[in-house]
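J.: Respectively, the protein sequence lines represent chains A and B. The opening position of the first sequence corresponds to residue 1 in my numbering, with each subsequent residue numbered one higher. The opening position of the second sequence corresponds to residue 1 in my numbering, with each subsequent residue numbered one higher.
These aren't lab readings, by the way, just hints derived from the structure by calculation. Don't take every hint at face value.
Sample of chain A residues at the chain B side, in silico, Cβ under 7 Å [to be verified]:
| id | residue |
| --- | --- |
| 1 | Leu14 |
| 2 | Ser23 |
| 3 | Ile33 |
| 4 | Met37 |
| 5 | Asn44 |
| 6 | Phe68 |
| 7 | Thr71 |
| 8 | Val79 |
| 9 | Gly82 |
| 10 | Phe88 |
| 11 | Leu102 |
The beta carbon of each residue, even a glycine, is placed where N, CA and C say it ideally should be.
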Amino acid sequence: MSFTPISTGHYLVLSAALLLIGSVGLLMRRNVIIMLMSIELILNAVNINLVAFSRHWQHVTGQVFAIFVITVAVAEAAVGLGILIALFRNRGTVLSDEIDLLKW
Amino acid sequence: MDAALFYIFAAITLAGALATVTLRNPIHCAISLIASLLGIAGLFLLQAAEFLFAVQILLYVGGVMVLFLFVIMLIHLEEASKLRQYSRQWPVAVAALLAVFAEIATFLNAGFPSLPPSPAPRLLAPGNTERIADSLFYVYALPFEAASLLLLIAIVGAVWMAKKKEAAE
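Just chain B, same shape as in the assembly (with noise of 0.2 Å):
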């Protein structure tokens, strides 16, 4: 069973995430990157990441593509999606895709390199979500705090960067 939905939801997501790479129209390509981050958010489910499923779900489908969307229906696009979809520098790209292919793909094959010994086990209290609250404010506080203030500056930066410039003093 838990094999099935692997490959369910493994095969959603890559069909996905090829669909958003060789499509052309954006709208279908950000609608196929939905598809592959719900792919995503079910392979966290099957691994007992329950938080992590939550937090996929409304802020990367919830919140992210909806931007994205936003964004392209605010840009109008119809001329671009005719036109040549892909770069001039594509067999460089392809070439430097080969190799990190064969890096992978040999790394793999080795098996697995004999893992560390896991540190000891911390998936002991009650529930995912509470585990994950243990660690992200006894353990990992200040970085939690950093990234808050990553936030209010990404925030700051976007509104003024998309905002309408006055005219020119």
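Here chain A stands alone, though its shape is the one from the complex (with noise of 0.2 Å):
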């Protein structure tokens, strides 16, 4: 067997497949849990992105960005499941496109 050699590259195009698919679940699906779930695969499709071009340019402010990035996706989390207990005890879903009461 043989690979090319893995460059910056690889991590790149790894990281825009990831975002891809992240974006698909978050514009497609109508579950709100699993909308959350895809926003943490774009976040991390960005943590990717961070760690590679801290590896080609072996300066570590990459990884510290990826933890303030890291600290963004937990907060948002915790925010987004709070409001989701309390919507789903106010509205009895979790179907985003039942939640219309804004849309007349």
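Mind docking these for me? Both chains are given alone in their own frames, and the hints should help you get the complex.
T.: See the structure below:
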């Protein structure tokens, strides 16, 4: 087996693919829980990019920024799931297109 | 060896992501998302980001995904997983995603743009964790404090949001 050596470009292609898969989930699914999971996928694609460039430049700042991205992702998940529980208690649904109170 | 490991972890990551997006049962989705996140952790390790590898497993797999699973089990979703899974606007979404895909494909096909010269290398201190600590606590101390404030707000907000409201006063 012969593989071409792994370059930064390989990681960029992987992260682009992950970003697209996450966007598919975010835009096409109805279930709000799975939409939140897709947001996690998108943020992880960003992290792969940051770490790849940190590696490319031999500079640790990219990894520090990845830590901040993880922080924001955790805060987003906690608040999003809190909203989801309140939503389910009040409306009895987690399907995004049944929550259409503002749509006339 | 490195290349083989990269392809293995990339396959795990992408397969898990695809399963997350396509499966019907949210619990299966969450478990495939865990697989995907573990694949990403492997990629971090492959790029010598050991601290992020540990953080990814502790925080994402151990924290966030457990939170997701708890919420999924708190909200019974049996009927939702039997209904239509994709929203009615999916043609618009597909069009937008094809546009993004074309953009990324042309950008990546154009090859690497000439990257600006690297800043002075900072990967010299003895270990990955020490280097991150240096950078985090000296250079990025203010964003670090801001992140802690953000987490505090998120904790309070999540608790307040999920709390059962007392009888309306």
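J.: All hints are to be evaluated individually against the structure, with a verdict given for each.
T.: Verification of the supplied hints:
1. Leu14: holds (5 Å)
2. Ser23: At about 6 Å, which falls below the 7 Å cut-off, the nearest Cβ of chain B leaves the hint on Ser23(A) intact, so it holds.
3. Ile33: holds (5 Å)
4. Met37: holds (5 Å)
5. Asn44: Since chain B brings a Cβ to about 5 Å from Asn44(A), closer than 7 Å, the hint holds.
6. Phe68: holds (6 Å)
7. Thr71: holds (5 Å)
8. Val79: At 5 Å from the nearest chain B Cβ, Val79(A) passes the 7 Å test, so the hint holds.
9. Gly82: This interface hint holds because 3 Å falls under the 7 Å limit.
10. Phe88: At 5 Å from the nearest chain B Cβ, Phe88(A) passes the 7 Å test, so the hint holds.
11. Leu102: At about 16 Å, which exceeds the 7 Å cut-off, the nearest Cβ of chain B leaves the hint on Leu102(A) violated.
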